[in-house]
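J.: Using my numbering, read the sequence shown as starting at 2 and increasing by one per residue.
Among the clues, some could well be false.
Think about it this way: if two alpha-carbon atoms lie no more than 27 Å apart in a straight line, the pair counts; the simulated DSS-like pairs of lysine-lysine are [said to hold, decoys possible]:
#1 Lys225 / Lys395
#2 Lys425 / Lys395
#3 Lys225 / Lys541
Simulated restraints on C-beta separations [as the list claims (entries may be wrong)]:
#4 Ala437 / Gly355: 58 to 64 Å
#5 Ala281 / Asp350: 20 to 26 Å
#6 Asp277 / Arg352: 52 to 58 Å
#7 Asp519 / Val449: 43 to 49 Å
#8 Asn248 / Pro177: 32 to 38 Å
#9 Gly299 / Gly355: 47 to 53 Å
#10 Thr326 / Gly299: 47 to 53 Å
#11 Thr278 / Pro411: 44 to 50 Å
Rather than coming from a laboratory, the hints here were simulated on the basis of the structure. Note that CB positions come from ideal geometry on N, CA and C, so glycine has one too.
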Amino acid sequence: MRRAMNRRLRLLPLLAALALPPLHAATAQDAGSQTAPAQNTPAQNAPAQNAPAQNAPAQNAPVQNAPKPAERPGGFDAQRSETRHQLPLPSGPLAYTAVAEFLPLRDGQRDEAAARVFTVTYTLDGDAREDAPRGRRPVAFVFNGGPGASSAYLHLGALGPKVVGFNEDGSLTRPPAPLLDNPDSWLAFTDLVFVDPVGTGYSRGIRRDGGKEEGARREEDPGKRFWSVDADSRAMAEIVRLWLTRNGRWESPKFLVGESYGGFRIAKMANRLIGDTGIAVNGLIMVSPVVDFATIRGGGGLLVPALRLPSYAASAAANGLVSGTPEQAAAAAERYALGGYLTGLAGLDYRRAGAAQGFFAEVARTTGLPEELVTRFRGEIPTDVFARELLRGKGQVTSVYDGTFTAADPDPSAARLPFDPFLKGTVPTYTTAFAAYAHTWLGVRTEVPFDLLSDRVNRGWEWPRSGQPSAVDDLQSALTLQPALRVLIAHGRTDLITPYMASRWVASRLELPEEQADRVAVTVYEGGHMMYTRAPERAKLAADARALVEAALR
């Protein structure tokens, strides 16, 4: 009666890895630019307590693009749109320029572009910062996860000059969600480049030879050549190199930001950038990451349920099923998880389960789950079962992305939920907001559907043939090769899909001299996987990110 710990929660079907040739970006001669007229009207539907963004049209007009590079017949069209804006802040307005454009990727030595990668860049106007001349201001490259997610979550959720409005507790608001000025935008301390990997957002693969492939290759998505751990990190590292080259920013301090699988991606990229292109980054900021998949799913043995336990306890406390605050419940569970809980699991004799009732009762008290359920699962509760069962008596379910988020049970008779209520609810929220924002504020003109979360990419992802994917060695190599590199790992306390204890475990096993231990910090915030939907936590995350950037530049 053993349960498979490898639950399908949109993340991780293990498939065969595909060896691909080196990737190169097309040269500047491949990139045309085309300005679309931007109609920058104010955002609507903001709640009374949050006034909508008030950028005047005169401040947000499209500007003349740089001269268009020469194109060969049928050359790459970057569809470049450049607009200028102001972000009102208590300290004074930030004047900035936004550039939305596609960057080309080549596949191997072929002359033609193999993919169109959509990016949005924000740079401060004027002197930017007194102590950072133009061209030397920090720049952060931002990615989300999935695999198959566009960067819109971090773009309009936490970092960009605009954010989607959520309710005070971080839950979903009525559609369409308001678009607000972001008082905690990271643009205040770094330029920003948001990147949508191939197959996400507006980014798409391009068919080879003008679409003349034959057989199975013709039926395959042309972007699939980039859908593997190695090909993806190679491609995104090349986008970083190409952007730095085209924008003359080689002297700028460089940072990588990634959420969820994006945290895994940027650890891989940091090591690859050093080895493939000679680029050393100054800092990594991982938001709700998975660095080693063995810490969150099968392959990690008894360690996996132990690392989940504090997030379970915090979620139970938030829902009134365990005494104390979520922080207090999590702290108590941390002490128990790697002590009595771990030894209790190791000492279980399934033939004499009755002798372990005291242990099962303690696990039930810690997690808020019925003792009968804990006994049935022998003390190891899968994440989807926890989310399904915690509030069953109230006719509700929780989200594996945030144990504080509750929704009506869509099918009480079902053993498993058909979807995650929070994640699926964010799809129309962010899709609508970004499509409107790109058109109205950024001047993007396209009829290509915006793919916030691509099932096609996620299902088609090529995983390693054996073992669990891990970026620990890449992170260790980057820390070793770049002694000034700093890493911030940010987690929500009630995130069940990538629990914070997993990252603490990984961080504690990185080889660093004791006096350098502060180069890697793990911080915990109230909320879940997207803790930034809560305005106070978004502000704390921005403050911690600013502190890392400033520390990395000292």
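J.: Are there hints from earlier that the structure breaks, and if so, what are their numbers?
T.: Result: hints 1, 3, 5, 9 and 10 break, sorted rising.
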